[in-house]
Amino acid sequence: MFKQIFVDAAYRWRMRCLVSAVAVLLAVGVFTQPAVFGGDLTQQFDREVLPILKSLCYRCHGDGDNPDNIKGGIRLDRLSSSLESDSDAEIWHDALDQLSQGEMPPAKAKQPTLDQRRQLTEWISAALRQAAATRRFKEGRVVTRRLTRYEYANSMRDLLGVDLDFARHLPPEPVSPQGFLNDGATLEMSPTQIEMYLEIARKGLAEAIVTGERPVVYEFSQTDTAIGTLPTKKVAGHLPVNPEFILDLSEFPRHGEFELKITAQAAIPDDQGLPRMRVSMGHVPGIIHVPRGEIGMVDVSENQATYTFRGRMEDFPQPGPVAFGNSGFKGMIVMIDFVDADGTEIRYPDRQYAQRPPKPKPKKADKAKEATPEAAPQQDPEPIPFGSRLDIQVTSVEFRAPVYASWPPPSHERLLFASQHSDDEPRYVRELLRELMTRAFRRPATAQEVEQNAELFELIREQSDSFEQAIRETFASVLISPHFLYLVETREDPSNAQRVSDWELASRLSYFLWSSAPDQQLLDLARQHRLHDVEVIKQQVARMLSDQRSAEFISRFVDQWLDLDALDRVAVNPEFYPDFDDDLKQQMRKETQAYFARILNDDVSALALLDSDWAMLNRPLAMHYGLVGPRSSGFERVALESSDRRGGLLWHGSFLLANSNGEDSHPIKRAVWILDRLLGSPPASPPPDVPALNPDSPDLAKLTLKEKLAVHRQKESCANCHEGIDPWGVPLENFDAVGNWRTEIPAHKKRPATFVDAESVLPDGTEIIGVRNLQSYLLEECSDKFARAIVERLMAYGLGRSLDFGDRDVIESLTNGFIANDFRLKPLIVEFVVSEAFHTK
Amino acid sequence: MALPWLEAMGAPDVAAQQQLPRRMCAILFPFGIAMPKDDAEDRQWGWFPTGEGKDFQLTNVLKPLEPLMDDVSIFHGLSHPRCRAMNGHDTGDTFLTANHLAPVTYQNTISLDQYAAGHIGTETRLASLTLSTDGGVGPRTRTTTLSYSDRGQPIPALSDPKQIFERLFGQDGASKQDRRKLANSASILDLVMDQSKSLGHKLGVADQRKMSEFETSVREVELRIERSHGWLDIPLPQVDRDSIAIEATVDAPRDYLKAIYDLQFLAFQTDLTRISTYQIGSYGPSRARTFPGVLGLNPDWHGLAHAAAKKGGPENIGRFDQFLAENLARFLTRLKETPEGEGNMLDRTLVLYGSSNSRTHQNHNYPLLLAGGSGLGLKHNHYLHFDEKTPMSNLFVTMLHALGLQTESFVDSTGPLNGLT
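If you read the sequences in order, they're chains D and L.
Residues 0 to 840 (numbering that gives the first Met the number 0) make up the first sequence, in order.
Residues 0 to 420 (numbering that gives the first Met the number 0) make up the second sequence, in order.
If you are wondering where the hints come from, they were derived from the structure by calculation, not from laboratory data.
Just so you know, not all the hints are guaranteed correct.
List time: in silico DSS-like cross-link candidates among lysine-lysine, alpha-carbon distance up to 30 Å [to be verified]:
#1 Lys70(D) x Lys388(L)
#2 Lys329(D) x Lys584(D)
#3 Lys584(D) x Lys707(D)
#4 Lys668(D) x Lys584(D)
#5 Lys62(L) x Lys388(L)
#6 Lys196(L) x Lys180(L)
#7 Lys175(L) x Lys201(L)
#8 Lys196(L) x Lys668(D)
#9 Lys749(D) x Lys180(L)
#10 Lys388(L) x Lys161(L)
#11 Lys309(L) x Lys668(D)
#12 Lys707(D) x Lys53(L)
#13 Lys202(D) x Lys309(L)
#14 Lys175(L) x Lys388(L)
#15 Lys749(D) x Lys310(L)
#16 Lys161(L) x Lys748(D)
#17 Lys748(D) x Lys309(L)
#18 Lys707(D) x Lys310(L)
#19 Lys749(D) x Lys705(D)
#20 Lys584(D) x Lys161(L)
#21 Lys175(L) x Lys705(D)
#22 Lys705(D) x Lys310(L)
#23 Lys257(L) x Lys584(D)
#24 Lys748(D) x Lys260(D)
#25 Lys36(L) x Lys388(L)
#26 Lys202(D) x Lys329(D)
#27 Lys175(L) x Lys202(D)
#28 Lys202(D) x Lys388(L)
#29 Lys161(L) x Lys260(D)
If you're wondering where the values come from, they're calculated on a predicted model, not measured in any experiment.
Please model the complete structure; the sequences and the hints are all you need to start from.
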C-alpha cells in the first residue's frame, strides 16, 4: 500500500517539474532572496523586472530604438526568464555582476532607483539559484555518495573493533553550497585518496589482526615529578612549557594503545569551580617549543580519584630514531598542567616547576636513586602546603603500553572468529569474508562477491608467509571496495526515481543519526523486510536518538548547519581581549551543541533556538559571560533571570565570535549568518572587484561601525544588497567580538569610545532596538521562515544532497507539520524519515 | 648541513642519470599586496620594485631576495585575462589553469604543474607533489589546492609535514615485503576495478557520472603501481627525519613554512619528484589567515590585505609579505647552494611565486616572480613590464619550454613571454 502511493507521488512530482520548471509556489518575503523553492519568479519577472528592463536596458540591449545597434551583442529581451539554458544563465550572471559593480547602466544613461536596483539584483540572484536547483533535478540526483571522513572513521572503528584515528590524514572535505560536508555531489574522489584508503585499511588490519606473542609491555610509574629545563620561550600559539608534573619515559613503544592512570585530588576553597588537569605527551628533540599532543583534560574533585586516559602512541609527536644535535634525552615526556575552572593556569610563586629535560636514565632499577633533583632550584618563598588554596595534588602516575584487553585482542577474535571449519582454509576464508563483507557493505554479500575475494585470497596466499598476512590483504580489498566507501544505492532503471531497499534504508537511517554503519538490529530488520514499515521506523528512530551514538548527529549537524567551524577561522586579537583563552572557543562550540541537544532530547520547541529563559553553561563559559553557573566544566541547564540575560543562539559566543573579525563585532557577517542559517535566505555573494568596506580609511576612521555601514550603503552598487543585510546585524552591536555584553565600545587608537547604538530599521520598515527586540521579531514574524530553514537544512543533511525541485512538496508538508507540532524536533525527524524524500533514490 | 646520502641518489637507468632533471615549483599566496603610489612615503612597503627593466630597485618587501637577483625576474602587468571577470576571491582556483570558471558548474581545466607532470613526471617516483596549508581540495572557487587533473578535477593537497614526509620517504620499495605489497596492491585494485565496473550500470545517471571519478582514480593508482615496479631495485634515499621539523603545525607558522619548503627541497634533491605546488593560504576560510600574528600583526591576513591602502596599511601587509619573501629566499638559497652538474639545483629549477590578486579582490596585474632556470636558458635580474593584454599564460609557455616541452600554447597564450630568454 505504502509503496504504491509513494511511487505514484514520486512520478507525479517529476513529471510536473519536467513539464514546467516553475509551478505554483509559496509566497516570499520581500527583503532578500526567497528560500530555494519559494516565490513565483516568472510572475515577479513580469510584474517587477520586465518594466525596469524595458525602460532602462532594452534601448541598447533589446528591441529598443535601434535594434541594429545591439551593444556588446547582448540582447536581454531574448533571454528566457526561467533561465533554462546554461548560456542564458551565464548572461544573467554577467548582468548581475555589471549591475552590482555599477557598470551598467553606463553613467551617462538613465539610472535605476535604489528600489529598482534591489528588485533586479534580488530577482536575478533568486532566478540563478532556482536555475541551479532545476538543473540538479534534471540531471538526476547523486544518491550514491562517498562516506565523509568522519563517517569513514566511525565505520572503520565499528567494523574492525580498533579505535584508531582513521581519518586523520584524509584530505578535508569540501563544503557544499548549503554548508554541508556530506553532499554526494560535492564529495570528491582522487587517486591520492585511493592510495590513502588502502594504506589506512592495511594499518587498521595490522592492529586488528595480530600474530605472535603478546608484545612486551612498557610500564612506568612515578609519584614525584621528574625535573628538567624544558624550553620556556613562548612561541606563537604555544603556551610556555612549565608543567606541574613530568613523567619521562626513557623507553617506550612507538606504536599501540597506551593507558595512563593519574591519581589526584584537588583542594577547592569555597564556591570556586573545579580545577582541571590537562595531560599531554610528546617530545621531539631540537624543536624550540616542545611539541605535545593533548591526551585529555578532566575536572578534578576534592576526593582522591584515579583518572584513566587512553590514546595511541603513534598519534603523539615522538623523537626520531636518530639522535639530533647534542640533545641527550630521546624518550617521551608526559606532562600534566593544572588550570582553574575558567582555563587560567594555576601557578604559585612558591612552587617549584619542573623545567629541565630529564637526563637519560640508564636503568629502571636506578630510578629510585635518581629521584632527588641535582641542582637545587631557587629557594623562593616558603612553600605553602597543599590544602589551603585552589590546587591539585598528583599522588601517582602510571603508564602502560601497549595495552590489550586480552590476547589475541577482541578485534582479532571477531574478524577471525572460531569456526568448525578453521582447518579447511578455503572454506573458512569464505565464511570470514561473507561475514566481513556483509557488515562492510551493509547488505548481504553475494556469493559471487565472496568468491571473487576468496580467489584474491588464494592468489595472495601463495606469496605470503602466513595466513594472517594474506587475510589482512584480502580484507583490505573489502575496505577499499566502492561498496564500502560509498553508500551505494542501485536502481533497476538508471533514469527513474525509485524507492530505496530496506538495506539502503538501514544505511540512510544510521548515517543520518549515527554517522556510522547500521548495527545488528537495523540489519536484522532489513533482512526481515520490516524496516520500511512506518511503525518500525518510528521505533527505530526513538531507539537511535536515545542511543549514545546520536551525539554524532547532534555535533555534526549543528556544526555544519550553524557553521561552527568558523570559530577556528577567527583569531581573537589579544590586543583587544588579553584575557581570552582560546580553549573557550571549544567551550562555545560545545555550548551550542549542548543547547541543541537539550532541545532535541527534552522534545521542547525549537523556537528556543531563537529565544528562551535558559542556557546550557559550564564553569568557564559562565565566567566568560559573567554569570553564575555550574562548578564543573560539564554543561548544565541554567535558568536565566530575564533581567540579566536571555537564551537562544543569538546570545551564543559561538555565533557571535565566529561572525566577528576577532577584534570587534562584524554586523555584516552576523546578519548574513542570520539570513542564511536561521532564515534560509542567504544574500547573494559579493560581486567581483568590489573592495569590501575598509573601516580604517582616513575619512571613516572616526565613524562608528554603524555609521560606516551607512556610508557603505550610500554607494549604490553596495546598497543593492546591503540595504537588505546590514539592519539584521546592527541590533547585535551590544555584543563584542567574543560575545560579551557591552554598552560602550572602548576607544582604540584614533577611534574614540562610543556608546553602543543597536537601533536599526529592517527592510520591512520595522524598527528594532537591540538583541531582545530582534529575538521577539524573529519569534513573531519569522517563525515560519525559521521552521522552513530548519526543515531544509535537516533534509539536506539527512539526504546527503542539495535539495531540488522534486523536494518542494516534502519541504512544504514537513514545514507545516513541524509548525503544527510546536516546532519540536523529534516529531520532525520522524516525519522526515517516513517522508517520500527519505525513501526515494 | 651536509647530507651524506646524496651519493646514494638513484634514477631508473644510466641514460636518465646523465640527463640532469628539470624541475618546477609553483607557489601562491592569497589576497594580494600593497601598491602605494611611487611618491608615497610608504612606497618601500609596496610589493613591486621601483624602476623598470634592468634598472630597478627592490623595496623592503622583496629585499630578502636581493642576493639572489641574478636568478630572479619580477613581472608587472601579467594576469589571466579570462579570469578578470571572476570574483576576486575565486582566482586561486585558476592561478595555474588560466581558465574562466563557468558559473554553476565551476568546471576547471588542467593546471600548469599537471600538464608538465604529464611529460616529465614519468621519470620520478612521484609524478608531482601537491601541497597547501589547508590540505584537501576545499570548496570550488575557494579551493585549497593549485593542481587540477587533465579532467579539471582538483587534486587534494597534503598539508601535514609528517604526512608529507611519510609519503616521500616512508616506503622503501627495496625489500621483498614491499615487492609483495606492490603485487598485492595491483591484485586488490584489479578486483576493486571489476566491482566498480559491474556496479556502474546499476546506478542512476548522476551516480554513474560521479562513480566514474572512483574508476579513474583506481586506474591512476594502478598506473602508479606499474611505474613503481621500475623503482623496486633502486633504494629509496635515506633522509634524516630529525633534520626537518615534521611535527610543525600551522599554529607555529615560522616552523611550518620552513618545514614545507624543506620537504620540497628534499623531494627535489632526492629526485623523488620534479614538480611541486604549494598554496600558502586559500582565499577562503584558510588556516593561514592567522599567520601574520607570527610577526605581532593583526592575525587576519585578509583584513591586512583589505587595509593595505589605508594609512599604515602598506607597512603592515608589507612586513608580512617580507616575511613570506624571507621564507622563499631561504628555499631558493638552499637550491642555489646545492651543486648539481656544472651548476647548482636552482639553475635547473623554475620557482614561480605570486598572488592572483594585486590589490585585494583585483584580478589584474598579479604580483609575480620567477626564480631559477639559468641552466635552462632563462635570463634573470629584470623587472619586466607588460601591458594588461599580455596573458600570464605566455609565462607558462616559456616555463614549459625551459622544462623541455615543445608546447606551442597554454589556454589563452599568444606565444612565449618576451624578455626572459
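Tested hints:
The suggested pairing of Lys70(D) with Lys388(L) holds, with an alpha-carbon distance near 22 Å, which does not exceed 30 Å. Under the criterion of a C-alpha separation no larger than 30 Å, the hint pairing Lys329(D) with Lys584(D) is inconsistent with the structure, at around 34 Å. For a cut-off of 30 Å, the pair hint linking Lys584(D) to Lys707(D) stands: about 29 Å separates their Cα positions. Distance hint between Lys668(D) and Lys584(D) is fulfilled; the C-alpha atoms sit about 18 Å from each other, no more than 30 Å.
A threshold of 30 Å between alpha carbons decides the hint, and for Lys62(L) with Lys388(L) the separation of about 29 Å falls inside it, so the pair holds. For the given pair, Lys196(L) sits about 24 Å from Lys180(L) by alpha-carbon distance, which is consistent with the 30 Å threshold. Taking the CA atoms of Lys175(L) and Lys201(L), the gap is near 40 Å; set against the 30 Å cutoff, the hint is violated. Only pairs whose Cα atoms come within 30 Å are accepted, and Lys196(L) paired with Lys668(D) is rejected, the gap being roughly 46 Å.
Distance hint between Lys749(D) and Lys180(L) is unfulfilled; the C-alpha atoms sit about 66 Å from each other, more than 30 Å. Between Lys388(L) and Lys161(L) the CA atoms are separated by roughly 43 Å; this puts the pair beyond 30 Å, and the hint is violated. At roughly 22 Å between alpha-carbon atoms, Lys309(L) and Lys668(D) fall within 30 Å of each other, so this suggested pair holds. Between Lys707(D) and Lys53(L) the alpha-carbon distance is near 45 Å, which puts this suggested pair outside the 30 Å criterion.
For the given pair, Lys202(D) sits about 53 Å from Lys309(L) by alpha-carbon distance, which is inconsistent with the 30 Å threshold. The suggested pairing of Lys175(L) with Lys388(L) is violated, with an alpha-carbon distance near 57 Å, which exceeds 30 Å. The suggested pairing of Lys749(D) with Lys310(L) holds, with an alpha-carbon distance near 12 Å, which does not exceed 30 Å. Proposed proximity of Lys161(L) and Lys748(D) is contradicted: the alpha carbons are some 42 Å apart, above 30 Å.
A threshold of 30 Å between alpha carbons decides the hint, and for Lys748(D) with Lys309(L) the separation of about 14 Å falls inside it, so the pair holds. The hinted pair formed by Lys707(D) and Lys310(L) meets the criterion: a straight-line CA distance of about 17 Å does not exceed 30 Å. Only pairs whose Cα atoms come within 30 Å are accepted, and Lys749(D) paired with Lys705(D) is accepted, the gap being roughly 17 Å. Distance hint between Lys584(D) and Lys161(L) is fulfilled; the C-alpha atoms sit about 26 Å from each other, no more than 30 Å.
Taking the CA atoms of Lys175(L) and Lys705(D), the gap is near 70 Å; set against the 30 Å cutoff, the hint is violated. As the CA atoms of Lys705(D) and Lys310(L) are separated by approximately 21 Å, the hinted pair is consistent with the 30 Å bound. Taking the CA atoms of Lys257(L) and Lys584(D), the gap is near 28 Å; set against the 30 Å cutoff, the hint holds. Taking the CA atoms of Lys748(D) and Lys260(D), the gap is near 51 Å; set against the 30 Å cutoff, the hint is violated.
Simply put, Lys36(L) and Lys388(L) have alpha-carbon atoms about 22 Å apart, close enough for the 30 Å limit, and the pair holds. With a C-alpha separation of about 25 Å, the suggested pairing of Lys202(D) with Lys329(D) holds against the 30 Å cut-off. Straight-line distance between C-alpha atoms of Lys175(L) and Lys202(D) comes to about 19 Å, which keeps the hinted pair within the 30 Å bound. Between the alpha carbons of Lys202(D) and Lys388(L) the distance comes to roughly 53 Å, so the proposed pair goes past 30 Å and is violated.
Proposed proximity of Lys161(L) and Lys260(D) is supported: the alpha carbons are some 29 Å apart, at most 30 Å.
Consistency note: the structure conflicts with the earlier hints numbered 2, 7, 8, 9, 10, 12, 13, 14, 16, 21, 24 and 28.
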